[in-house]
Each structure stands twice: as structure tokens, then as C-alpha cells.
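Undergrad: Sequence:
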Amino acid sequence: MIKNKLDFKLVNISLLFLIFFFVYQTRDFWLGLLSLVWQIVLPFLIAFAIAYAFYPLVKALCDKKVPKSLAMLIVVGGVLGILGLIIYLVTPLFFSQISSLFSGIISFLREMSTEYNLDIGTLQNTLASTFNEALSKIGTYISDGAFSFIGISIDYISKAIIILAASVYFLADMEKIRSSIKKFLMVTSKRAYNYLALLDEEMRKYLTGFLKIVLISLIEYTLVYTLIGHPNAILLGFLAALGNLIPYFGGIITNIIAMVTAFVISPVLFIKTCAVFLVFSAVDGYVINPLVYGKSNQIHPLVVIVAVFAGGILAGTLGIVIALPVSIIVIATFKFFKRDIIEMKNKRKVKYHVYKKIR
Numbered sequence: 001m002i003k004n005k006l007d008f009k010l011v012n013i014s015l016l017f018l019i020f021f022f023v024y025q026t027r028d029f030w031l032g033l034l035s036l037v038w039q040i041v042l043p044f045l046i047a048f049a050i051a052y053a054f055y056p057l058v059k060a061l062c063d064k065k066v067p068k069s070l071a072m073l074i075v076v077g078g079v080l081g082i083l084g085l086i087i088y089l090v091t092p093l094f095f096s097q098i099s100s101l102f103s104g105i106i107s108f109l110r111e112m113s114t115e116y117n118l119d120i121g122t123l124q125n126t127l128a129s130t131f132n133e134a135l136s137k138i139g140t141y142i143s144d145g146a147f148s149f150i151g152i153s154i155d156y157i158s159k160a161i162i163i164l165a166a167s168v169y170f171l172a173d174m175e176k177i178r179s180s181i182k183k184f185l186m187v188t189s190k191r192a193y194n195y196l197a198l199l200d201e202e203m204r205k206y207l208t209g210f211l212k213i214v215l216i217s218l219i220e221y222t223l224v225y226t227l228i229g230h231p232n233a234i235l236l237g238f239l240a241a242l243g244n245l246i247p248y249f250g251g252i253i254t255n256i257i258a259m260v261t262a263f264v265i266s267p268v269l270f271i272k273t274c275a276v277f278l279v280f281s282a283v284d285g286y287v288i289n290p291l292v293y294g295k296s297n298q299i300h301p302l303v304v305i306v307a308v309f310a311g312g313i314l315a316g317t318l319g320i321v322i323a324l325p326v327s328i329i330v331i332a333t334f335k336f337f338k339r340d341i342i343e344m345k346n347k348r349k350v351k352y353h354v355y356k357k358i359r
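The UniProt record's numbering puts the sequence shown at residues 1 to 359.
These are computed hints drawn from the structure, not numbers from a lab. All of these numbers come straight from a predicted model, not from anything done at the bench. One thing to keep in mind: the hints can contain errors.
[Claimed, not checked] List time: in silico BS3-like cross-link candidates among lysine-lysine, alpha-carbon distance up to 30 Å: (1) Lys159 with Lys65; (2) Lys59 with Lys212; (3) Lys205 with Lys64; (4) Lys335 with Lys159; (5) Lys183 with Lys64; (6) Lys64 with Lys176; (7) Lys68 with Lys212; (8) Lys64 with Lys182; (9) Lys68 with Lys205; (10) Lys182 with Lys59; (11) Lys65 with Lys183; (12) Lys272 with Lys190; (13) Lys59 with Lys335; (14) Lys183 with Lys68; (15) Lys338 with Lys159; (16) Lys176 with Lys159; (17) Lys159 with Lys190; (18) Lys59 with Lys205.
Please model the entire structure based on the sequences and the hints provided.
TA: See the structure below:
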């Protein structure tokens with residue numbers, strides 16, 4: 001019997017190694033297949049993420065007795081309308097300020113080279129050529145402040161339409177999707193349901209807070225840089241808003257760009273920009289972010305920095321963007337199962353004491 005069992009295990013191990021060897025030898029095929037599947041699934045994942053992010057707004061309107069179809073029309077139409085208005089009004093100024101920004105950076109490098117006798121001509125020429133190349137490409141897409149869709153790839157347009165349509169359908173059925181998952185988990189595993197409910201609550205708070213932070217950053221830095229007379233105020237406001245996608249580093253990069261361009265213009269503007277960086281970084285870090293995100297999403301800065309660094313290495317730009325939400329999920333998962341482990345230990349201690357008393 002022992003020999004038969006041993007032979008059976010060896011056969012299973014041999015088959016497992018053969019499977020791994022076969023997969024390794026045909027890895028190009030499987031990687032190509034996974035890449036194809038990923039390209040098909042990715043637009044729908046993005047659409048589901050968009051629907052999941054805007055579902056709380058639709059639900060809030062429905063809770064106020066607004067019909068669901070009207071609530072969806074308000075949310076989807078409002079988002080598309082705001083994006084369209086921003087593109088229409090801001091694109092001409094945004095494009096001109098990009099030109100001014102790059103010119104300021106190149107002038108800054110030229111002055112530093114002259115002042116301190118530094119040889120940075122190669123870097124300056126590289127930036128200039130890159131900027132001119134970018135302008136020539138952007139110029140094909142932008143005309144008189146409006147996007148010209150003639151030069152845009154049909155592939156990107158079709159994917160955008162698919163994502164928009166799928167997100168609308170996901171948003172319409174989000175309540176049914178959530179209800180079906182809830183019923184399934186309540187029947188199969190209540191602990192799995194509690195775990196998923198915890199993640200849902202954490203992500204809801206994060207997404208709600210993130211959208212608020214983006215809007216606050218856009219208004220805050222655009223107004224502040226306008227008040228101190230920075231010529232790139234609108235561009236810096238948008239960069240500050242987008243910088244929230246990269247925790248900590250995004251805001252630092254934006255403020256460094258602001259200081260470099262201000263240094264070229266005048267010493268007074270440079271001092272004002274430095275003051276904005278110091279004051280509003282503290283305000284954002286210790287007042288606005290804690291108030292918006294709440295205590296549940298507070299993560300130690302070192303954890304965020306490590307997560308961003310690891311995300312960049314593992315998945316590039318996408319990894320950097322999703323570093324913070326993934327960190328929130330990992331920490332929530334750890335806390336959830338840590339609580340279960342503590343409860344199991346307490347139960348074992350109680351059983352042990354009861355057993356000792358019986359003996």
C-alpha cells in the first residue's frame with residue numbers, strides 16, 4: 001500500500017513537471033494569447049471601473065427620489081459636458097502655456113549654464129528638439145483650440161466609444177451586479193461577503209475622496225498661481241489635479257516645474273512660488289487630504305512611497321497610478337484577516353482553559 005501511494009505521488013509530480021515544461025516551451029504562444037485576451041478585456045475593465053466610480057453619484061440622486069434614468073442622464077451628461085467644456089475653453093490657453101513652459105525651462109537651463117559655467121548644451125538641445133517634435137505632433141491634432149479628429153487613430157476612437165457605451169451599461173446594471181454578488185456570497189460564504197463589503201467601502205471612500213481632491217487641486221492651484229501672477233497658472237492647475245494620480249511625487253513635480261518657470265521670469269515670482277509650494281503642500285497634507293479621505297484611508301507616507309516605487313518597477317506608469325488603491329486593498333485585507341486570526345486565537349485560548357479546568 002505504501003509503495004502504491006508513493007508511486008501515485010511520483011506520477012502526479014512527474015505530470016506536474018511535464019505540464020510546466022510544456023507551458024515553458026510554448027511560452028511565446030501563451031504570452032501572445034494572454035496579450036490578445038488582455039487587449040480585449042481591458043476596455044471593459046476600464047468601463048467597469050468608471051461605472052463603479054460614478055455609481056455613488058447615481059445612487060445619491062436615486063436616494064433623493066430622482067428617477068434612475070434621469071439620474072444617469074445627469075451624471076453621464078454632466079461628466080461629458082464638463083469634459084467637453086474644459087477641452088473647448090482650456091485647450092487654446094493650455095497649448096500656449098505648454099509652449100511658454102518649455103521655453104521657460106530651456107531659458108532656465110541656459111541661464112544656469114552661463115551663470116555657473118556648466119556644460120548642459122546637450123540636455124538643452126535634447127529638450128528643444130523634443131519640444132519641437134512634440135509641438136509638430138500636437139499641432140496635427142489641435143486647430144484653433146479644438147481637437148481635430150481627422151488625425152486621431154480610428155483604433156483609439158473605437159475604444160473610447162466602446163468604453164463609454166460599456167460604462168453606461170455597467171452603470172445602469174450596477175445595482176443588479178452588486179445585488180447578485182451579495183446574494184451569492186451571503187449563501188456561499190458570509191465571511192467572503194464581509195471581506196468584499198469592507199473592500200467596497202474602502203474603495204468607495206477612496207474614489208469619492210480622489211474625485212474631490214482632483215477638483216479641489218484644480219481650483220486651488222489655478223487660483224493661487226493666478227493671484228501671484230504666474231503666467232502658467234491654468235496649466236499648473238491641471239498638472240496639480242493630474243498629479244494626484246501619483247501620490248506625493250505628482251505634486252512635487254508640479255511645484256518644481258512652477259518654481260523653474262518662475263525663476264526665469266523674476267526673483268519675486270520665484271519667491272512667491274516657493275511660498276505657495278511650502279504653504280499649500282502643508283495645507284494639502286495636513287488639512288485637506290485628511291478631511292477629504294477620512295481616517296480609514298490614511299496610509300503611512302513610507303508605505304505609499306514604497307508602493308509607488310514597486311508599482312513603477314512591476315507595471316510601469318499603470319503601476320504607479322494604481323499603487324495607492326492597491327495599497328488600500330492590501331492593508332484592508334491584512335486588517336480583516338488579522339482580526340479573524342486574533343479571534344481564532346482567543347477562541348483557542350478559551351477552549352484550552354476550559355480543557356484544563358475539566359482535567
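Undergrad: Quick one, are Lys272 and Lys190 close enough, alpha carbons at most 30 Å?
TA: Not satisfied, since the Cα-Cα distance of roughly 56 Å exceeds 30 Å.
Undergrad: Can the restraint linking Lys65 and Lys183 be considered satisfied, given a maximum Cα separation of 30 Å?
TA: Given pair Lys65, Lys183 holds - Cα atoms ~25 Å apart, limit 30 Å.
Undergrad: Does the alpha-carbon distance linking Lys64 and Lys182 stay inside the 30 Å limit?
TA: Roughly 24 Å between the alpha carbons, so the hint for Lys64 and Lys182 holds.
Undergrad: Holds or violated: Lys68 and Lys205, Cα atoms, limit 30 Å.
TA: holds (22 Å)
Undergrad: With a cut-off of 30 Å on the C-alpha distance, tell me whether Lys59 and Lys205 pass.
TA: With Cα atoms ~14 Å apart, Lys59 and Lys205 stay inside 30 Å; holds.
Undergrad: Is the straight-line distance between the alpha-carbon of Lys183 and that of Lys64 30 Å or less?
TA: Satisfied, since the Cα-Cα distance of roughly 25 Å is no more than 30 Å.
Undergrad: Within 30 Å, alpha carbon to alpha carbon, are Lys159 and Lys65?
TA: Since the Cα atoms of Lys159 and Lys65 sit roughly 34 Å apart, the hinted pair is violated (cutoff 30 Å).
Undergrad: Below or equal to 30 Å on CA atoms is what counts here, so check Lys335 against Lys159.
TA: violated (38 Å)
Undergrad: Checking one constraint from the list: CA of Lys183 to CA of Lys68, max 30 Å. Satisfied?
TA: holds (22 Å)
Undergrad: Measure nothing beyond the straight line between the CA atoms of Lys68 and Lys212; if it is 30 Å or shorter, mark the hint as holding.
TA: holds (23 Å)
Undergrad: Given the hint that Lys64 pairs with Lys176, does the C-alpha gap stay at or below 30 Å?
TA: holds (19 Å)
Undergrad: Could you grab the alpha-carbon distance between Lys182 and Lys59 and see if it respects the 30 Å cut-off?
TA: holds (17 Å)
Going through the hint list in order, the structure does not satisfy hints 1, 4, 12, 15 and 17.
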